[in-house]
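The chain contents come next:
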Amino acid sequence: MPLLINREPVENDSWTLVDEDTLQQSGDIIVPLALYQENQDSLSNREGHLAVQVSGDDNIDTVLENPNQFPLIAVFFPAVRDGRGFSIARLLKRAGFTGQIRATGDVSHDRLDFMTRCGFDALEIPADRYSEEVHNAFSEFSVRYQGAEDDSRPVYRQ
Amino acid sequence: MYQYNQVDQQLVNERVAQFRDQTRRFLAGDLPEDEFLALRLMNGLYVQRHAPMLRVAVPYGMMSAQQMRSLANVARTWDKGYGHFTTRTNIQFNWPKLEDVPDILEELAKVQMHAIQTSGNCIRNTTTDQFAGIIADEIEDPRPYCEIIRQWSSLHPEFAFLPRKFKIAISGGPTDRAASQVHDIGLHIVKNDAGEVGFEVLVGGGLGRTPVIGKQIRPFLQKKDLLSYLEAIIRVYNLKGRRDNKYKARIKILVNALGIDTFRELVEAEWEQIKDSDLVLTDAEISRVQGFFKPFEYEADAANDTSLDAKLAEDASFAAWFRQNTVEHKVSGYRAVIVSLKAHLVPKGDISHQQMDLVADLSDKYSFGEIRSTHNQNLVLADVRNADLYELWEILSEANLARANVGTLTDMTVCPGGDFCALANAKTLGVADQIDAKFEDLDYLYDLGDIKLNMSGCINACSHHHVGHIGILGVDKKGEDWYQITLGGSDGEDASLGKVIGKAVASDEVADTLEKVLAVFVEQRIEDERFIDCVRRIGLSPFKEKVYAPAH
Ligand code: HEM
Ligand code: SF4
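Keeping their order, the protein sequence lines are chains A and B.
Under the UniProt record's numbering, the first residue of the first sequence is numbered 1, with each subsequent residue one higher.
Under the UniProt record's numbering, the first residue of the second sequence is numbered 1, with each subsequent residue one higher.
If you're looking for bench data, these hints aren't it; they were derived computationally from the structure.
As the structure is a prediction and not an experimental result, all values here were calculated from the model.
Keep in mind that a hint or two might mislead.
To be verified - Quick list of the computed label-pair ranges, beta carbon to beta carbon:
#, chain 1, residue 1, chain 2, residue 2, range
1, B, Gly-259, A, Ser-152, 28 to 38 Å
2, B, Gln-10, A, Arg-94, 27 to 37 Å
3, B, Leu-258, A, Pro-9, 36 to 46 Å
C-beta atoms are modelled at their ideal positions from N, C-alpha and C, and glycine is treated no differently.
Could you put together the complete structure from these sequences and hints?
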């Protein structure tokens, strides 16, 4: 799946999203939070890096308590209209998370700029929604009113 | 009123270009229908019965003469020559072509107008009192705060995909002319014991299929905390509001499910984290924006006019209009004039392009070039000299804009209903005509006094039928239009939800039914009692008995 990191396309990505069946595979894996919590013990001494994927239905309090135990946290967007992920990314940033925040699921052109502003640095775009035009998404606006994770200063403090 | 600076203009221009590109990608098949739907709604574009419907924002109801002329031009060039003012003080065009919308928006951008967030599940136009800044009972002019909220909420990166739409209204003082208690957030400008001016904050009001009156979440909020507190409320809502059922997705449902106390705890905990952040409003920013809403340079000798009294004495029609359609201004020698968009047998809130141009000219000539729209679908020229009232009235009358019915039964608030709206269960325009035809006698209406009649074509309640003194709701019974009647609603500081009087009535019986309701009122009324007070005092039973009495 096409991946942008800091707005640039990235070819070699080491991460794989796993499910119950592929949980035991080697390498760098992203584990959905519920699955991670069920298998925390068996996952603790494996080779390779470990990340979690959270979504709006998850209680992410434990993740927020210690986010930097993960090098990457994926935030899943189940549908275009589901905007919980934007707030989740901001909460992760506020909790002091310094790793990669990756948007997954329904990620496409018209939300990329908002995602970036909310703190996402990696955007995973489904292949059928990806084209060269996607790169324009970051230059559609040259001005903004609010502060966000990219720059906390609202227009009246700039 | 507020004037765009370079940043404001740039943002609107770039939004037009973005929307043009989105439309192009949709028409080229690169953007799936359901995704374009969310994007076009966020830019005010619905697809309705006959054509797309474009809703243009009139931020907190303020328009300049130049903006009104531009709206007239849009109506003329891309629509069928008219527009429709809504209960959220915006204007809708019913007949534009999808391909033309980017051009329309580009035209509007030239006069600092846009359609940003006039629909969709995002923060909508903040509404306020149509007499803001000119009415004696206000504590402070709410418009600067509306503008501050407009800027903060426009293209907010976190809140573009909320569970459901989000509406904020601000009232500037104890008299609530903004229906603030039936908004997702209602803000009341108040003074605390220390004499500081700030906001009382209500949350969780709303109409639609589950009408709810807002609840107080904070008795007093400092001005500087306005945006951080709004952000805290909306973040909690964004994360916790229901997304599994769009009929249960408004914040009112969340507040009721959690209880206001639990909801408040969540908001206050979130606020604690951000109340000292860069969101704090600076004094400089507040005064910068306030600078755009300074009182006009009123003429000191306006109060010395004697011509008004003479005209009032000699012309009874003028005197009636003066009494009904003008309002006391805090500066003596001036009045606010309500331009009635409730002409006899004309769809309520509709205005032709000629009328728009005329109102623009009149505002230039008589009212400092500004016009306001009201949540009852009328317009206001807020700053007219007493000496000019007669002349203004004559011109408005000529243009069918001076029906002296403001505040009476026929000053109805009516949504477009089944003639235009794809969601409607019943038509509304024909019933409004029926009511107009039946209650044509103005003297009878004046005797009845203040009555607020609101009619919606379906449960979505676009015309606030639950909070009309009399509410009419169109329902569908086996393919026929029927109308359910409620009594006792109010959207003022004494907000209440009307109660249904009984089974729905057939479409040809609505006006007759109202006649019976009013007959009970006239019979039971004590002196000059208002209709709503009478309903509250005697309850629904006498009305039910009369309306549903078996025919003899
Ligand atoms: C013609 C196209 C229109 C469509 C498709 C439409 C659709 C809707 C829908 C679906 C709702 C319910 C939302 C909810 O409860 O979450 C709603 C509410 C509302 N609409 Fe409309 N509407 C239209 C026109 C209008 C007009 C003409 C007005 C003003 C006269 C208006 C003002 C409102 C208001 C004030 C509400 C809020 C009621 C509340 O607080 O729940 N709308 N509209
Ligand atoms: S109340 Fe119903 S019929 Fe009227 S405009 Fe709203 S959605 Fe349409």
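**Asked** For the pair B/Gln-10 and A/Arg-94, does the Cβ-Cβ distance stay inside 27 to 37 Å?
**Response** 29 Å, holds
**Message:** If I claimed the Cβ atoms of B/Gly-259 and A/Ser-152 lie 28 to 38 Å apart, would that claim hold in this structure?
**Reply:** This hint holds: roughly 33 Å between Cβ atoms.
**Prompt:** Regarding B/Leu-258 and A/Pro-9, is the given constraint of 36 to 46 Å on their beta-carbon distance met?
**Reply:** Roughly 43 Å apart at Cβ, these two residues keep to the hinted range, so it holds.
The earlier numbered hints are all upheld by this structure, with none contradicted.
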